[in-house]
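K.L.:
So the chains spell out like this:
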Amino acid sequence: MIYDEPRFRPGGDRFIEMELGDELNFDLNFLVHALTARVREARLDGIVELLPNMASIVISYAPERIGYDDVLREIGALHGSLGSLEDVELPSPLYTFPVLYFDHLTRACWEDYCARIGEKEYDPDLMVRLNALESRAQLARIHSGTEYWVAALGFYPGLASLIALDPRCRLTAPKYNPPRTWTPKGTLGYGGSVTCLYPARTPGGYQIIGHSPVPVFDLEQRLRAFRDRLALLRPGDRVRFVPVGREEYDHVTAQVESGAYEHQVAAYAKFSIRAYHEWLATLDMSVRF
Amino acid sequence: MIEVVKAGLETGVQDFPGRYGFWEQGFPPSGPFDMWSFRLANLLVGNADDAAGLEIQFLGPTLRFESETLIALTGATMAPTLDGVPMPQWESVAVPAGAVLETGFASTGARTYLAVAGGIDTAPVLGSRSTFHMAGVGGMEGHALKDGQRLPLGDRAGAGRPGRRVRADCRPPIPAGKEWRIEVVAGPNDDWIDEAGQHMFLESAWTLQARSNRTGYRLSGPEWTFAARATDKGPEHGEHPSNILDHGYPVGAVNLCGQTPIILVNDGPSAGGFINPFTVPSAAFWKLAQSKPNDVYRFDLVSVADAQAERQRIDALCAEASLEDAG
Chain E
825 MIYDEPRFRP GGDRFIEMEL GDELNFDLNF LVHALTARVR EARLDGIVEL LPNMASIVIS
885 YAPERIGYDD VLREIGALHG SLGSLEDVEL PSPLYTFPVL YFDHLTRACW EDYCARIGEK
945 EYDPDLMVRL NALESRAQLA RIHSGTEYWV AALGFYPGLA SLIALDPRCR LTAPKYNPPR
1005 TWTPKGTLGY GGSVTCLYPA RTPGGYQIIG HSPVPVFDLE QRLRAFRDRL ALLRPGDRVR
1065 FVPVGREEYD HVTAQVESGA YEHQVAAYAK FSIRAYHEWL ATLDMSVRF
Chain S
197 MIEVVKAGLE TGVQDFPGRY GFWEQGFPPS GPFDMWSFRL ANLLVGNADD AAGLEIQFLG
257 PTLRFESETL IALTGATMAP TLDGVPMPQW ESVAVPAGAV LETGFASTGA RTYLAVAGGI
317 DTAPVLGSRS TFHMAGVGGM EGHALKDGQR LPLGDRAGAG RPGRRVRADC RPPIPAGKEW
377 RIEVVAGPND DWIDEAGQHM FLESAWTLQA RSNRTGYRLS GPEWTFAARA TDKGPEHGEH
437 PSNILDHGYP VGAVNLCGQT PIILVNDGPS AGGFINPFTV PSAAFWKLAQ SKPNDVYRFD
497 LVSVADAQAE RQRIDALCAE ASLEDAG
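Protein chains in written order, with our numbering: chain E, 825 to 1113; chain S, 197 to 523.
The hints are simulated quantities; they were obtained by calculation from the structure and are not laboratory data. Glycine included, every Cβ here is placed at the ideal spot set by N, Cα and C. Careful, some of the hints might be misleading.
As the list claims (entries may be wrong) - For the chain E half of the interface with chain S, some residues (derived, Cβ under 10 Å), not all of them:
id: 1; residue: Phe832
id: 2; residue: Ala858
id: 3; residue: Thr860
id: 4; residue: Asp869
id: 5; residue: Gly870
id: 6; residue: Glu873
id: 7; residue: Leu875
id: 8; residue: His928
id: 9; residue: Ala932
id: 10; residue: Ala976
id: 11; residue: Ala1024
id: 12; residue: Leu1054
id: 13; residue: Ala1055
Produce the entire structure from the sequences given, and follow the hints as far as they go.
P.N.:
In structure tokens, the structure reads:
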């Protein structure tokens, strides 16, 4: 549900968690980011950082400049002043990532896990079975059949939590238990109802179903898209995955390695929540790709 | 320049207060773990608050100073010597060109801080020189120091002089034993733990596991019990009672992963899918920084206002008035 009134709880002396609801819901997440943007614009003295996530915002504040009660009052008032979100239109760059589904790198990672940690069903097959799909091909079709919304960032620099905007393409996946000790950089993962691209070689818990050679995090800022940033994506951006064959995958890999690769992004794109809701109402929910 | 003759166990460049403004993208604040000791070291050598220094963990480095300078070591006791002669800690010391600083194992405490006049002048990344070594950000090439590296120094601008000392009553009172009392504030997710579970957390002894570092402090102790909210919830929250829909993590959160509480510290993850029933306030971080694996924690519940007052008290001690001339 989305709460009528936000709930605030302290996190020590410098943080407050503001819960706006308690479910995975696009409208709720949109509210989180609309409020985050409003708080940033208000430039309240003493608000240090904001950490928006699925249904909540962690507020970092400087108690010597603003008191706990004043944070609640100021941000509560901004929440109350938001009005209807139907009319909000946000800039929402749309990034396209080529993906080699069921690739050699994630297969080798799964084999290594089975050999060192324990036997486990091959991740794509597990997802096909648990989501009652016909085949791996259908899994790739559904996964790449929707735009994704950057609902949150975090856990690791550049890691974006993506949720499917087409409800017919929502999948679910359990997490690894115990987690993997390593995951190849660029791996496409799925955990719960969230998909992600691993920004670096890190441990991980999501099921792994493909690989993209296009980076989302670049400390060396080699590629043009990273000129003004180390982490590519921002909340409210959108992502699309395009299945490619090995030849195209190798071509893009070489371009990334040479530093010549240009990220595919419609930087001018905007997102209208009213138009999204209108589109949702036209969908035939019985159709699966 | 400073030549790293031996790097020690894990010695990293840090600055105060750390890396701010990029948390939303997953960059944690990093910075010195015991900011109280770190700030006093900068004061002793006449540096600005934000000058970078070294955080020396458990086993210290051997460093050679290529030109004369002024240094100070604070925090854990590490039996430092300068050209073989024992050197005082908590005191500014003149160092001649070519002198070698050797440090040993931390005896009382776990982390020692080295300030050098002018500060360590590695390249800032996202506005800070602090090392976030998990992602290779900041510090010396993104990671802890390595043997043979050379650390650049900034220009000496301050009016620091040798023979200044931190008054004994203005230093963090690092205990010699293994027992610690650590303040905690209830929340943000204390409503996921039932009354018995909250009582259990506050009444039990918790042992610091060896698998603890600047990312998280893992604790061993009794079993947790949960409130209805943790068991009666939507599937998007995850299966285990300690699972919650992904949310942001306060720095200092006591993050409950299954049955293992992990205190998230300076380099911790910014978000994830576990609850945070309690939070260690910033004023208690020096205690975490100065404790060692197998040390034992007991937690004292304090209010937000108490935690903020203690932070103010420590901030006030990180000032010139805490220094005196060494006798």
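K.L.:
Work down the list of hints and note, for each, if the structure agrees.
P.N.:
Against the structure, the hints come out as follows:
1. Phe832: Check passed: Cβ of Phe832 (chain E) comes within 9 Å of chain S, closer than 10 Å.
2. Ala858: violated, 15 Å
3. Thr860: holds, 8 Å
4. Asp869: violated, 15 Å
5. Gly870: With a closest approach of 12 Å, the Gly870 (chain E) hint is violated.
6. Glu873: Check passed: Cβ of Glu873 (chain E) comes within 5 Å of chain S, closer than 10 Å.
7. Leu875: holds, 3 Å
8. His928: Where the cut-off is 10 Å and the nearest Cβ of chain S is about 26 Å from His928 (chain E), the hint is violated.
9. Ala932: violated, 23 Å
10. Ala976: holds, 6 Å
11. Ala1024: With a minimum Cβ separation of about 7 Å from chain S (threshold 10 Å), the hint on Ala1024 (chain E) holds.
12. Leu1054: Result: holds, 7 Å to nearest chain S Cβ.
13. Ala1055: holds, 4 Å
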